[in-house]
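Here is how the chains run, residue by residue.
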Amino acid sequence: MKAVTVTQTNRKLPQRGRFWSTAIRNRYLYMMSLPFVVWVFVFSYLPLWGWTMAFQKYKPGKSFFEQKWVGFDYFKQLFQDDMFYQALRNTLAMSGMGLIAGFTVPIIFAILLNEVRVQTLKRFVQTISYLPHFVSWVVAAGIISKMLSTDNGIVNDLLMGFHIIKEPIQFMGEGKLFWGIVTASDVWKETGWNAIIFLAAIAGIGPELYEAAKVDGASRWRQVWHITLPGIRTTIIILLIISIGHLISIGWEKQFLLGNNLVRDYSQTLDLYSLNYGLGMGRYSFGTAINMFNSLISVLLLFTANGIFKKITKESIF
Amino acid sequence: MGTKKLTRGAPWSDRLFDVIVYTVIIFATLITLYPFLNVLAISLNDSIDSVRGGITIYPRQFTLKNYETIFAFSGLVTGLKISILRTIIGTLLGLMSASMLAYTLSRVDFQGRKFVSTFLALTMYVSGGLIPFYILIRDLNMMGTFAVYVLPGLVSAFNVFVIRSFIDGIPYALQESAKLDGANDLTIYWRVILPLTKPALATIALFLAVGQWNSWIDTYLYNGSQEHLTTLQFELMKVIQSTTTNVDSFRGKNMTAVMAQVSPESVKMAITIVVTVPILIVYPFLQGYFVKGMTLGAVKS
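Chains as they are written, first to last, in the UniProt record's numbering: chain F, 1 to 318; chain B, 1 to 301.
Just so you know, the hints here were simulated from the structure itself, not pulled from any lab data.
Even for Gly, the Cβ is constructed at its ideal location relative to N, Cα and C.
Please note that a few of the clues may not be correct.
Unchecked claim - In silico contact screen, one side only, chain B against chain F (beta carbon under 8 Å); selected entries:
hint : residue
1    : Leu-37
2    : Val-39
3    : Leu-40
4    : Ala-41
5    : Lys-114
6    : Met-142
7    : Gln-233
8    : Ser-242
9    : Val-274
10   : Val-277
11   : Ile-281
12   : Tyr-283
Stated by the list, open to error - Once the Cα atoms are required to be at most 27 Å apart in a straight line, the calculated DSSO-like pairs of lysine-lysine come out as:
hint : chain 1 : residue 1 : chain 2 : residue 2
13   : B       : Lys-198   : F       : Lys-310
14   : B       : Lys-179   : B       : Lys-198
15   : F       : Lys-68    : F       : Lys-57
16   : B       : Lys-114   : B       : Lys-65
17   : F       : Lys-314   : B       : Lys-179
18   : F       : Lys-62    : F       : Lys-76
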């Protein structure tokens, strides 16, 4: 309807004039969007241009044209560095574990919460469950290391109390436990929040389906399996594709805050690696190469996931 | 399909189902709530007494000394000021940019619609990464400024799309009639769209405010040595990092002096509460909104 009014009034004008006259009519819309487009260009697209640093021996203070081009030297250096493979392993391990746990736990939580028949309890639990999402990772990391600490940490106290262990476990100092701790922290912080979408999807399933199942004598297990889960299938797949796209871009915030020197072999992700061995040492070009590798893999994963799911399930995000 | 058999089996398995549901739900609530109550109790308990351990969810020897101590530390006061300031300014700017962009994208007769929309959407999937961004901030001379907190993240594609899908749900006839009354696009945005998108704006405001309040990485990277631009989260981060690891390069001189009076543990807990309380205050009010906003955003993106 709106488009029609525009084209009708312009029908007599030649192509070029039509563009400009529409542009003039759109002037306020341009005023409201162009400044932000420029903004996005500066802060989101210019950093992509910064990738050229990975192919130069970048020296701060020199202009772009004065930099020395070195081709793939920094990538060669990167692929020969053992620490790179360690960081890649850590990144993939933690994001893989995060993907699996961060996906299944909220779905299970949403399904179980939906089965709670006492409405006040349901609402109370849901309100509590979002809470950790809103506190910062700084706070979360502080709380988690307090809970896991060897002196008076509740986890060790409980394990000792039930005589499961004799000596308190040094949770935060044991490299092998680090991936698990990060994953568990993520689950603790985000389960309630991520369950919102699934709860909304479950709420959208027609009650007549459950009624029919009840008449057929299906147990509640069967109702969950045959009605609830298929009912939220599309939501699950769309979110899964998006998460796969973000698989490798897990960043470094949690790892920085929860990690320490004792667990560095397990806590250093690609981003943390670029921070410590790129930025921290003034090796901007080397660090940029790491970032670039990270971003490219991330996009590749997104397209692959999207393609695979499009084939198998006919669901895709683009 | 075997209806009789299932009906007979149902009560037993359904009862087990209920047991599992309530056990898991109650367990989940406990592990979410306990840590916060524990931290609160320790922050309100006498520092020396806390060292003995055994504090659960209520203070054994009530005191406000831990709080008095941390507020005597100048970094915390500055941090509080800057954190409040960046939350207010960052939220307002973010709301303005997201709502304006969302409005223009909702207009099918806008020429630039397709381009702007794609241009924005791409930013959700590709990023230049840590170091190119750092270099950019440095080249723009934004290191050591307050602007670095609110300007780089001004436009968020996700927020724009959430608001846009909300505007799409508003009948276009309202805009048409405003136009007939002689309103231009700017007036329509201000008088028609903004008042009607309040629920979506409230959600986005919450996201933005929480994001601003909780952020410390920008302080760490760009303003780490600027004491007058420190933020609350950054101060807390320094305290937490300096006591979990003995080797540290972060600890400020002032903080060491403070630590001598009460135990580091109590200081940590008190700051944690100070940092968390503002969020707890606004959160029940906005709950209804953000659930709506979350689902809206998910459907569109």
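Where does the structure disagree with the numbered hints, that is, which hint numbers, in rising order?
As far as the earlier hints go, 1, 3, 4, 5, 6, 8, 9, 10, 11, 13, 16, 17 are violated by this structure, in ascending order.
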